[in-house]
Amino acid sequence: MTAVLPGAGQAPAPGRAGSLLRAVLRQVGTAVLVLAVVVLLWTVLLRVFDVSPYVGKTPAEVWTTLFGEDDSAELRAEIGALLGQTLLDAGVGFVAGLLSAVVLAAVVVRYRLLEGAVMPVALVLQTVPLIALAPILILAVGRGYVLVATMSAIVVLFPALVNIVLGLRSVTPQMRDLVLVYGGSPSTVLRRVGFPSALPALFASVRIAVPGALTGALLAEWLATGKGIGYAVVSAAGRSQNARVWALVVVVTVTALVLYLLAQLVEAAVLSRFGRAEAAR
Amino acid sequence: MPLPRRAARAGALLTAAVLALTACGSGDEPAAAAGEGGGDLGELTLQLSWIKNAEFAGEFFADTNGHYTDAGFTSVTMDPGPGAIETLVATEDADFGLSNAVSTAQVIAEEDAPLKIVGTKFQKNPFTILSLADGGNIATPQDLVGKRIGVQAGGNETLFDALLEVNGIDPADVEKVPVEYDPAPLIDGEVDGFLAYLTNESITVQSQGIEVTNLPFADNGLPFVAESVITTDRMIAEEPERVMAFLEAEIRGWQDALADPAEGARLAVEEYGADLQLDMAKELEQSEVQAGLIVTPDVEANGLFTITDELIEQNMATLEAAGIDIAAEDLFDLSLLEQLLEEKPELTELPA
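Chains as they are written, first to last, in the UniProt record's numbering: chain P, 1 to 281; chain C, 1 to 352.
Next comes chain P alone, as it looks inside the complex (with noise of 0.2 Å):
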């Protein structure tokens, strides 16, 4: 994720949405295959470990629950309502991580002497399994969005951090020299040098942090707030509602792999747009 520029990157370029657009049928292209394989998978090692047919449902069969029965449009809307609620704690969860992320990172790069305060209790809160933090958390701030943000948040922020603090140090040292000769602060180098070159550091968390808010989102409903797909598959589970477990499985697993396609195709359209189309990859 180094932000070099080749000289290939001022060649006459294909046009700006040229590029684009292979770039989103590359993607589309690459989510077909990996649901190909995934449906693959699914099926092979249902029959590989004989799992009972009561258990184990088959990709035709999460379909059937989903669109081919009489209340498949019953629970198609209540599925709905519940991925509404897990994309909207996910969401909260991905803005508060990367935001902390961003301004931490910030924070320890301009001040060096921080970066021993902040990086290590970052690391501890990944280390840590949310599964006993959560108790400690329900009780210090009970089980509202502030819990959700918290603990979604939390599997975003570090490897955002790190990565983010990546990308502010690229700045080479000519570049920082430049800024200081014409009167800059090292505040102005990190605002007109740091956050640009650290744009791809920046991105690759946005991609990384997508599926780690849903997780963490999940977890949440699960442990705290109750709402949510991440509640009803636990719930579904403890009362052997297995059709409805493998549906609420199957639409957050899309849901996810949809997003972090997203994710990618506005990396690339950014980057391409600071003429980092390489960087995208």
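A portion of the hints provided could be inaccurate.
[Said to hold, decoys possible] Derived lysine-lysine pairs resembling DSBU-like cross-links, with alpha carbons at most 35 Å apart: (1) C:Lys124 with C:Lys344; (2) C:Lys124 with C:Lys147; (3) P:Lys227 with C:Lys124; (4) P:Lys227 with C:Lys176; (5) C:Lys124 with C:Lys176; (6) C:Lys147 with P:Lys227; (7) C:Lys176 with C:Lys147.
No lab work stands behind these hints: they were computed from the structure.
For chain P, the structure is supplied; the task is to place chain C on it using the hints.
For chain C alone, coordinates are given in the frame of chain P:
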């Protein structure tokens, strides 16, 4: 005539050896004839509904006193709950499970699970909404409105939904909070009420010197049987002898447990649940209190684990009120229990 004598002796030895070998080869058959309960029924796996505490005193007795092996099982494994009992039994990860009429009925009705209840331990269910007397103090179903109630994910949610349904309370008026099985959120004041067992958490909280209020499901529109033995249709059809042997061992175990509640508590605290750090006073009380759920006038007349037709009707009314659409014959199959009690009438006796 030394030679022929020797030959005869050798021949006899050889015959004996061959006989012994054949006996070993077809081991199952002779053993089956010898066993008291009808033979080698293989390994038994029982899925409990809860951790190994005094709730399963009868099972501990049946194991300790050898009733399972006497009935023909080679070994018994008891898997503690809570969990998706119906799934574990339907997939035959466990031969038998202990669940309740509502949870099982819902899984049969919605998921077409091939399961039946073949007998029941508790005639009355011990489910309650537990609250603190100087806190939520939930004494009537209407008191639930506007309260935060801790409900554990899974089958207990089905029960809670049913409680609201039969009492005409809109689920939107009650805040359902996800909790685990530890009543700490109730004591901390994080929830106003907590779905619990009269015979378990309710006693635990009281034993900490806290005054509690109970809203027992059985007295508030939801009478149904609990700690009911469930197994698969396949087991009932193809291996009825295992079902009968299991019920026999269970009945004998509970006869022992009812005769000696103190030993039942000791088995839970010191042996089967030794790693759970159970409290002896609480287990002893549970052991004594639950006897009232197991022994009713009907049970005194008909025997342990039986379910009268009236009780089945009452259960079906409960299920209908809870919005679970199922026929009695799709939920209960007591034919094997009846057959067993006819063959061995001594099983209907209760300890004096």
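Restraint status (C-alpha distance of Lys176 of chain C to Lys147 of chain C at most 35 Å): holds, 8 Å
Hinted pair Lys124 of chain C and Lys176 of chain C, Cα distance within 35 Å: holds, 25 Å
Restraint status (C-alpha distance of Lys124 of chain C to Lys344 of chain C at most 35 Å): Judged against 35 Å, a Cα distance of about 25 Å means the pair holds.
Pair hint Lys124 of chain C and Lys147 of chain C, alpha-carbon separation not exceeding 35 Å: Holds: Lys124 of chain C and Lys147 of chain C sit about 26 Å apart, inside 35 Å.
Distance restraint between Lys147 of chain C and Lys227 of chain P, which requires alpha-carbon spacing of 35 Å or less: holds, 17 Å
Restraint check for Lys227 of chain P with Lys124 of chain C, where alpha carbons must lie at most 35 Å apart: holds, 32 Å
Pair hint outcome, Lys227 of chain P versus Lys176 of chain C [Cα-Cα no greater than 35 Å]: Holds, at about 10 Å.
The structure fails none of the hints (numbered hints given earlier).
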